[in-house]
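**Student:** Line by line, the protein sequences are chains D and V.
The first sequence: position 109 = 109 (our numbering), numbered continuously.
So the number in our numbering is just where the residue sits in the second sequence, counting from 1, plus 1000.
It is possible that some hints are incorrect.
[Said to hold, decoys possible] Partial list, computed: chain V residues near chain D (C-beta under 8 Å):
| no. | residue |
| --- | --- |
| 1 | Arg1005 |
| 2 | Leu1026 |
| 3 | Val1096 |
| 4 | Ala1098 |
| 5 | Gln1103 |
| 6 | Arg1122 |
| 7 | Tyr1123 |
| 8 | His1181 |
| 9 | Leu1182 |
| 10 | Ala1183 |
| 11 | Gly1186 |
| 12 | Arg1190 |
| 13 | Ser1201 |
FYI, nobody ran anything at the bench for these hints, they're computed from the structure.
For clarity, every value in this text was computed on a predicted model and none was experimentally measured.
Even for Gly, the Cβ is constructed at its ideal location relative to N, Cα and C.
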Amino acid sequence: MSSSTDPGRPDPDRTDVPIRDDRPVSDRGETVCVIGAGASGLTAVKNLREAGFGVDCYERETGVGGAWNWRHDRSPVYASTHLISSRPFTQFPDFPMPDDWPDYPHHSQLLSYFERYADHFDLRQHVWFGTEVVRVEPVEGDRWDVTTRSTGGYGPERTSRYAAVVLANGHNWSPKLPRYEGLEEFRGEVMHASSYKDPAQLRGKRVLVVGAGNTGCDIAVEAAQQASHCWHSTRRGYWYAPKYVLGRPADQVNDTLLALRVPLRVRQWLYHWTLRLTVGDLTRFGMPEPDHRVYETHPIANSQLVYYVGHGEVTPVPDVARFDDRAVELTDGRRIDPELVVFATGYLPRFEFLKGQVLGDEDGSGRPRLWLNAFTAGHPTLAVVGLVQPDSGIFPISHWQSVLFARLLTLRATRPDRAAAFDRKVRAGLGERYSAKVKDSTRHWFEVGHADYLRALQRALHELEEGTR
Amino acid sequence: MTAERVRVVRSWEWARPERPARREVLAAVPERDEAKPPLLFVPGFGHGAWAFAEHWLGHAAGRGFPAYALSLRGHGDSEPAPEATLRSYTHDVTQVAASLPRQAVLVGHGAGARVVAHAMARYPARAAVLVAPVLGGWGTFGTALRRNPVGTVPAVFGAGLRLNRRQLFSRELPDADARRHLARLGRAGRRAQWQLLTGRSPEPAVGRPPVLVLGSPDDRVLPATALTSAARRYASAPLLFPGMGHDLMLDARWREPIDAILDWLDKDPAPALG
C-alpha cells in the first residue's frame, strides 16, 4: 500500500491529467478524502492515518469540533448543553476523557476534548479549513472526484480525485420544521431549536416548546426557570428517564444489565419498574400515558422536566393543531397564546453535494439505505461515518466505523477476496436495524441500540480480519 | 499476536468505570521544543515515579525529549489504593498518556511493562519500550521464589512482594545509593500481584506501535528466557546490557540503556506490521 503523508497538493500541470468541467482534476493517488472535521471526521482522519493512508479533510468552518463547536454557524448547541450519555459511553475508546471530569460533561468540555484529540494525534495538518465540498461524484475504478471551494462560494472551484471518501458532515444541522395550518399568520415569534442559544431569549415571555426530544425537554426546563409561562407540547407520552438511578449514571446501570445479558423484555420490565419508583405516574400531571415500551423511542434523559411540571412551571399540552394570528389551537381544542414558539422538532440528514442514489435513496425521501448505517451497495470506497442516533454516545461508534473502513481499504489492496466478500455482505444487509422495534418517524431513521450495533460492527470487523468461511 | 481479536463491546468497563485516583506525575521538559514525542515512564510494582526522576527523566529531557513519569495508584505519592487491580493501573497510564500534548511513547519497567502492554490496547502509543519486562506467568514466579524465597512466599498470601539488593542492582552501585533506593520501595496491590500470575493476557495493541525490548542477561528477577520470549511476542530481539541488575534506571550504568532507547526513537522506528 502506498502511503502519502504529504499534506500539500501535487502540481496539477502534468500531461494526461483527467479533465472535468473543463478544469484539470488533480489526482491524489491513494489519498482518502474526509468531509467534515467534527467528532466523526476527526476520528476518521486519525484512524485512516493510523492505517497508513494519506488524508485530505475538508471543513467548511475554521475550527474542529463540528456541531460541538458553538462558534460554528451550524452548531446546534445552546449555553446549557450537557451530555446525555455519561463519559464511558461517550469518549473515544482509545483516548479517554479526563477522569476528574463530571459524569455528564458540558459542551465546552467536549469541544476542548476534540481540540486536544486533534492536537494529540496531529490531525490539523490534514484538514483544509474554510473549504466546503460542492460535489462528490463517482468515477471509474471506484474512485471519486471531489469539488471544493472556499466556504461561502468565494474563489474558484477545484476538483481532486481520491481513492475513497468518508462522509462525516453530520446530521444535526439541517432543521426539520413541521408544517402547520396558519403558521404564516401567527404574529408571535417562531424559532427552531437550532437558533436557541441562551435562556435570555426566553426571559419573561410566554413560551410554547414543541417536541419532547432531549433538546425540547432541556429548553422546556430552561423556560420553566426563565419564562413567564411554559407550555410543552408533545405528540405522545414518553418515558422521561432520570440521569441518575440508584446513585449512578442511569446508562451505566442499564449497561450492567446488558453486561449480564438480561433479555430485552426483562430489561423493559425492570426499566418500567424503576421509572415508576423514581419518576412516578405522569398521567397525574395530565401527561399522556406512553403508547410504547421503553427502548422503542429514542431515550430522553432529563431529571428536571418532571420536577418543573410538578411545580407548575411547565404545563404539558398535546400536539399543536393549527395557528392563527394570535393563538395556537391544540388537538384537544384548547387555545393558548404564546409569544414565542420554539420548535425542537429535530433535524434531517442532508448530503447536498451528493446524488441521493449513491446512498441508495431511490425515492428522494432523503433516507439513505445503508448497511451498518455506513456502507452503501455498489460503492465499496465510500463510507458514511457518524450517521447514527444511538441510545448512547455516538463517538465510539464513529471511531469503530472508521476503523472498519480503514481495514476494508487496506484489504482491498492486500486481500481483494475478503473485500469482495464484505461487499456481498453490504448488499445483503442494506437497511438492517440494530435496535428494538422503534416508532416510525424520521427521528428514528438512524436509531440504533449501542450494544446491538457495536456487536454487529465487531462481528463485521472479525469477519473481515479472519475471512468468512 | 494476530490470533487475538479486537474488542469493541466492553459492557462491564462502561457499566463500572474505574474510580479516579490522584496521580503523581513528575516531568522534565526540554527548554526548546524539538517536536520529539513525549516519553511516559511507567514504573514496576513497588517503584514510583522517583525511580525515573533519579537519572532518566533529566537525561531524556537533555536530549530533547519531554519526559514524564507517573506513580501507579498506591505507589510513590499517588493516592493509596490497596485494592488496585491491573485494570486500575492501566487506567492510570492511559489517563496520563492522553493528557500529554502529543502522542506518547510508553516506557514500562518490570511489571510496569505488563501494565504498558495492557495500556497499548487502549491507547495508540507512538511507540513502546519494555525495560526488563515482567509480563507475568508462573515462570517468573518460580525464578523469584528461587532467588528470594523470603521476599516472595509472603506475597502469595497477600503481603507485598519484597525485592532485595542483589535482585535489583549490580555490585557496582554504591551501597549508600542501593540502601536509599531500597528504603523507598513500596508495594503493589494484593489483587494486582495475583493478576500478574493469573490475569488475562494483554489484548492486541492498537495503532501498530513499534516495540523495543531491553534488559540484562544478569537480571535476577527476570530469567533470560523470559526476556527473549517477551521480545519475540513483539517480533523483535532484546537489546542486552550485561552486568546490570533488574533496575536498569537506577543501576550504576544507567546511562547506557536510556541512550539506547533514545537512539532508537531518534531513528523514528516504522510502525509494526498490521
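**Student:** Against the structure shown, which of the earlier numbered hints fail to hold, in ascending order?
**Tutor:** 2, 3, 8, 9, 10, 11, 12, 13
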